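Going line by line, the protein sequences match chains A and B.
Each residue of the first sequence is one higher than the one before, counting from 1 in our numbering.
Each residue of the second sequence is one higher than the one before, counting from 1 in our numbering.
One or more of the hints may lead you astray.
[As the list claims (entries may be wrong)] Now the stretches of chain A that chain B is said to cover, found in silico as 3 or more residues with beta-carbon under 8 Å: (1) 75-86; (2) 128-135.
[As the list claims (entries may be wrong)] Heads up, simulated BS3-like pairs for lysine-lysine below, C-alpha to C-alpha not over 30 Å straight-line: (3) B:K19 - A:K174; (4) B:K205 - B:K121; (5) A:K174 - B:K78; (6) B:K226 - A:K174; (7) B:K95 - B:K44.
[Said to hold, decoys possible] Have a look at the derived ranges for each label pair, beta carbon to beta carbon: (8) B:G77 - A:F139: 40 to 50 Å; (9) B:E127 - A:L111: 24 to 34 Å; (10) B:P189 - A:F2: 28 to 38 Å; (11) B:T113 - A:V8: 24 to 34 Å; (12) A:C188 - B:K44: 51 to 61 Å; (13) A:G58 - B:N249: 29 to 39 Å; (14) A:Q140 - B:A16: 51 to 61 Å; (15) B:P93 - A:N141: 48 to 58 Å; (16) B:G77 - A:V8: 27 to 37 Å; (17) A:W170 - B:P142: 27 to 37 Å; (18) A:G58 - B:L128: 56 to 66 Å; (19) B:K120 - A:N83: 20 to 30 Å.
No wet-lab data here; the hints were simulated from the structure.
As the structure is a computational prediction, the values presented were derived from the model and not from experiment.
Think of the CB as a built atom: it goes at the ideal place given N, C-alpha and C, for glycine as much as any other residue.
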Amino acid sequence: MFHTTFYVRRLHSLCGLFVLGMVLFEHIFTNSMAILGPEALNGALEMMELIPKPIFMGLEVGGIAVPLLFHALYGIYIACQANNNPGRFGYIRNWNFALQRWTAWFLVPFLIWHVGYLRFYTKGVTGTPISWELLYNYFQNPLVVVLYVLGMFAAIFHFSNGITTFCMTWGITKGPRSQNVISVISMCLCAVLCLITLVFMGSYLVR
Amino acid sequence: MAEKKVRFVIERQDSANDKPYIQEFDVDYRPGLNVVAALMEIQKNPVTVDGKRVPPVVWECNCLEKVCGACMMVINGKARQACCALVDEIDQPIKLQPARTFPVIRDLLIDRTRMFEALKKIQGWIELDGSFESKDAPIQNPYTAQTAYEISHCMTCGCCLEACPNVGPQSDFIGPAPTVQAYLFNLHPLGKFDAPKRLNALMEKGGITSCGNSQNCVEVCPKSIKLTTYLAQLNRDVNIQALKNIFDN
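Start from the sequences and build out the full structure, keeping to the hints where you can.
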């Protein structure tokens, strides 16, 4: 008995919360530098360029590409097993269950676009380094801004609700009280991260 | 004065493979009327509101006191027992549908075999080979007896499976009720010897890993069993069992 389903599902949970959670935090942290101005963001981006290329590539492949592909592909398989029914059973946790899947469905095309355009095309093919100026020009298109804000909100909600369900899946929070406490904390985190996102995205518009 | 009537909108189906259709019936109101009693009235005089005489509506019921689980159906969109669905307490017209998470046999009658099959998978019984005298039978742990009593109320009605978004033809999840039964038998002073067997069964495809934490099960359980609490406990137990499986050899 190898219990492949069990281990793959648990790996999906771990990789989503810790590895992709780190990626999300890194994105929010670095991008929030834009609030302080173009120099601060460019400084943060140049700091990352100081990491030796092979290590940086290793981090990108091992820390982002592989976990993201695994989490997305197995996640699609999981999402296909759900018959979302918040219309019939409108309890808050069931709404979160459905939103967890709907945000995921939005994130799949969004991330293909985001990674494909900025990482593979802009940075990879044209060799243009990512900078405040590049993003400023990119965000002149209001549709791009709206889609990016929605993409961030989707990722942040998916991560925050993921904390709550992670604690249930791993048997950390057992009773309804502790599950509610974690749920409230993670939704507060969700609100704070969304607010930070709005501020740094807005900082491009006011300049 | 015209007698007060209660309107029933019933989703019917002539056989497992026929298309469902809707028929409406009026039943004379009386105080304390419940859905099963109303279905019995329709059975006595199966005439639709259009005055058409039709075959009586088929459904299942036994105990009429929320103990057997047989009369579970979808009433006004919610999975619940028909016997304790009082007409005075629900919106009218009353809409009755079969619980389509299960195969429909006819009208409101469903086939609940999958729950029995699931109980077989998780070994929902205690092995007794008669090798000891019953006078020395081990006692229940008084600290967990209350929990065991609570879970033993499960009547495999299937409300939780109907409400669970992860149970259905698109998934192989055995459902909350049979999963939580594993915990009941793991608490038993003799059943606990087979706990690793049950936990390993729950680690299989369609076991506890298919739970998506929507928590609908605990909301709809007519016996108020704290299903999500025991699912989290079982999650803990299977994680420990997984570590044992990896490191014990």
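Comparing the hints with the structure gives:
1. With a cut-off of 8 Å between beta carbons, the region 75-86 of chain A has 7 residues touching chain B; three or more are needed, and the interface restraint holds.
2. Under a criterion of three residues with beta carbons nearer than 8 Å to beta carbons of chain B, the stated coverage of the region 128-135 of chain A fails, only 0 such residues being counted.
3. The suggested pairing of K19 (chain B) with K174 (chain A) is violated, with an alpha-carbon distance near 43 Å, which exceeds 30 Å.
4. Between K205 (chain B) and K121 (chain B) the CA atoms are separated by roughly 11 Å; this keeps the pair inside 30 Å, and the hint holds.
5. Annotation: proposed proximity of K174 (chain A) to K78 (chain B) holds, straight-line Cα distance about 26 Å (limit 30 Å).
6. Between K226 (chain B) and K174 (chain A), the direct Cα distance comes to roughly 10 Å. Compliance with the 30 Å bound is thereby established for this hinted pair.
7. Distance hint between K95 (chain B) and K44 (chain B) is fulfilled; the C-alpha atoms sit about 20 Å from each other, no more than 30 Å.
8. In this structure the supplied range 40 to 50 Å holds for G77 (chain B) paired with F139 (chain A), their Cβ-Cβ distance being about 44 Å.
9. At roughly 50 Å, the beta carbons of E127 (chain B) and L111 (chain A) sit outside the given window of 24 to 34 Å.
10. The hinted range of 28 to 38 Å is satisfied by P189 (chain B) and F2 (chain A), whose Cβ atoms lie roughly 31 Å apart.
11. T113 (chain B) and V8 (chain A) have their C-beta atoms about 29 Å apart, which keeps the hinted 24 to 34 Å range intact.
12. In this structure the hint that C188 (chain A) and K44 (chain B) lie 51 to 61 Å apart at CB holds, the actual value being about 58 Å.
13. Checked against the hint of 29 to 39 Å, the pair G58 (chain A) and N249 (chain B) passes, with Cβ atoms roughly 33 Å apart.
14. Take Q140 (chain A) and A16 (chain B): their Cβ atoms lie about 60 Å apart, and the range 51 to 61 Å holds.
15. Restraint check, P93 (chain B) to N141 (chain A): a C-beta distance of roughly 52 Å satisfies the suggested window 48 to 58 Å.
16. For G77 (chain B) and V8 (chain A), the hinted distance range of 27 to 37 Å is satisfied, since their beta carbons lie about 35 Å from each other.
17. In this structure, W170 (chain A) and P142 (chain B) meet the distance hint of 27 to 37 Å, their C-beta atoms being roughly 29 Å apart.
18. The given range of 56 to 66 Å is respected by G58 (chain A) and L128 (chain B), whose C-beta atoms sit roughly 58 Å from each other.
19. Between K120 (chain B) and N83 (chain A) the beta carbon distance is about 25 Å. The supplied range of 20 to 30 Å therefore holds.
When held up to the earlier numbered hints, the structure conflicts with 2, 3 and 9 and fits the remainder.
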